[in-house]
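**Q** Residue numbers (the working numbering), protein chains in the order written: chain A, 315 to 535; chain B, 315 to 535.
Because the hints were derived from the structure by calculation, they are not lab data. Only a predicted model underlies this, so the values are computations on that prediction, with no experimental measurement involved. Heads up, some of the hints might be wrong.
Covered, in the sense of this in silico footprint (three residues per stretch, anywhere, with C-beta under 8 Å from a C-beta of chain B), are these stretches of chain A [what the hints assert, rightly or not]: (1) 336-342; (2) 392-398; (3) 506-515.
Simulated restraints on C-beta separations [stated by the list, open to error]: (4) B:Ser345 <-> A:Gly437: 31 to 41 Å; (5) B:Ala513 <-> A:Glu424: 49 to 59 Å; (6) A:Thr376 <-> B:Met520: 35 to 45 Å; (7) A:Pro426 <-> B:Asp419: 17 to 27 Å; (8) A:Ala512 <-> B:Ser416: 45 to 55 Å.
C-beta: ideal position from N, C-alpha, C; glycine also.
Protein chains: 2
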Amino acid sequence: MLDSNSNSLPDDLCDALQWRYAVKKMDPSKSVSEDKIAALLDAIQYAPTSSGTQPFKVFVITNDDLRTKIRAASFDQSQVTDASHLLVFAAWDNYTDARIDSVVDHHAEERPGTREMLEGYYGNLKGMYLPRTAETNFEHAARQAYIALGFGMLTAAQMRVDTTPMEGFDPSAVDDILGLGDKNLRSVCMLAVGTRDAANDWLAPMKKVRKTDDVLFERID
Amino acid sequence: MLDSNSNSLPDDLCDALQWRYAVKKMDPSKSVSEDKIAALLDAIQYAPTSSGTQPFKVFVITNDDLRTKIRAASFDQSQVTDASHLLVFAAWDNYTDARIDSVVDHHAEERPGTREMLEGYYGNLKGMYLPRTAETNFEHAARQAYIALGFGMLTAAQMRVDTTPMEGFDPSAVDDILGLGDKNLRSVCMLAVGTRDAANDWLAPMKKVRKTDDVLFERID
Chain A
315 MLDSNSNSLP
325 DDLCDALQWR
335 YAVKKMDPSK
345 SVSEDKIAAL
355 LDAIQYAPTS
365 SGTQPFKVFV
375 ITNDDLRTKI
385 RAASFDQSQV
395 TDASHLLVFA
405 AWDNYTDARI
415 DSVVDHHAEE
425 RPGTREMLEG
435 YYGNLKGMYL
445 PRTAETNFEH
455 AARQAYIALG
465 FGMLTAAQMR
475 VDTTPMEGFD
485 PSAVDDILGL
495 GDKNLRSVCM
505 LAVGTRDAAN
515 DWLAPMKKVR
525 KTDDVLFERI
535 D
Chain B
315 MLDSNSNSLP
325 DDLCDALQWR
335 YAVKKMDPSK
345 SVSEDKIAAL
355 LDAIQYAPTS
365 SGTQPFKVFV
375 ITNDDLRTKI
385 RAASFDQSQV
395 TDASHLLVFA
405 AWDNYTDARI
415 DSVVDHHAEE
425 RPGTREMLEG
435 YYGNLKGMYL
445 PRTAETNFEH
455 AARQAYIALG
465 FGMLTAAQMR
475 VDTTPMEGFD
485 PSAVDDILGL
495 GDKNLRSVCM
505 LAVGTRDAAN
515 DWLAPMKKVR
525 KTDDVLFERI
535 D
């Protein structure tokens, strides 16, 4: 039960969790500052991922032509073009030897003297991942992107930046629009980042609804 | 580039992103207070999910016998028993008519006068979800759990509570241990919540490594 008086949540975080909602109508005249976008991207960049692979890429789109095309592939949802920035999260379409090697190389460079340990660790990872189907590996990569999506949304809320997480789009169409196939990426979710137009948003005045503790959690002591 | 001087991230959030890491060695003598666990669960409860379905359940386990069994199914990773609380995120194994109806009923109860609109909206959702395979729906539900996992980890870090996100376990074995099959749930990830034993953790002194901006992001203006 979210209540700033009853637990240890920092007040600002508690307020942010109540303040945020999935905005349905953005005000296209109110842009989010590049400073805040940079801060939001920092949170995405520093989100943890499985074995530090960060198996995705994030496209930060302000281009109007592209966003018009993406909106057409997103059931014409207005946030795609009314937001100030559209983030498209695209996960690796598979794990490969070369992609995991590039993680090893980067870590070894940043952590001198660890190459042997890293090669052992990621060698085991390859043993698990490489025999799996591309679809299984893609789904695993997609889940990692969702951790970063979570970090991004919660950080945005704490900066009082509005967001709309979006899955209601045709992934293949968005992949084509952004040329993701050539990059071995597949779009998994989008995050519209902008400013709520509360007066014209049917969802804005609605009470926030969440499952109660007894439905969502089970304690086993 | 994470730097509290260069952008708009609240200082505490910037510090939290640097402070957190996936703890490899927890100190079993240092429990996390129930207040902080409640706050962490609040963040999980208030994380956004697709159409507000919250298609997962979180088991909060302190029971030693159960954790010993889960540790055996988790490559003997010590955090499972050395953490103070083990959270197991379990996603719905499918979307069904009845489960979506229960979401409609709950929302209609909390938002009087919206039942007709809700039935229309979730009717469309059923039209999309119910014809899909159970595996596709499970993967979609799992992704939603990962958003909540992200909210939980970032919130914990801001309270200076340590966590270890864990995927290195045998999901079927954990499902059996917790009897999840009977509940139409499947385990997807775990979060050990405890207190780092930094002196005995090989990862604690390591530099944090993240992909650089130019690798992780692509701006399209």
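**Q** Look at each hint and say if it fits the structure.
**A** Going through the hints against the structure:
Using a Cβ-Cβ cut-off of 8 Å, 1 residues of the region 336-342 of chain A lie near chain B, which falls short of the minimum of three, so the contact claim is violated. Requiring three or more residues with a Cβ within less than 8 Å of a Cβ of chain B, the coverage given for the region 392-398 of chain A is violated, as only 0 such residues are present. Counting residues of the region 506-515 of chain A whose beta-carbon sits less than 8 Å from any beta-carbon of chain B gives 0, not enough to reach three: the coverage restraint is violated. Taken as a hint, the range 31 to 41 Å holds for the pair Ser345 of chain B and Gly437 of chain A, whose Cβ atoms sit roughly 37 Å apart.
A beta carbon spacing of about 23 Å between Ala513 of chain B and Glu424 of chain A contradicts the range 49 to 59 Å that was offered as a hint. At about 36 Å, the CB distance of Thr376 of chain A to Met520 of chain B agrees with the hint of 35 to 45 Å. Under the hint 17 to 27 Å, the C-beta atoms of Pro426 of chain A and Asp419 of chain B, about 58 Å apart, miss the expected range. For the hinted restraint 45 to 55 Å between Ala512 of chain A and Ser416 of chain B, the CB-CB distance of approximately 29 Å leaves it violated.
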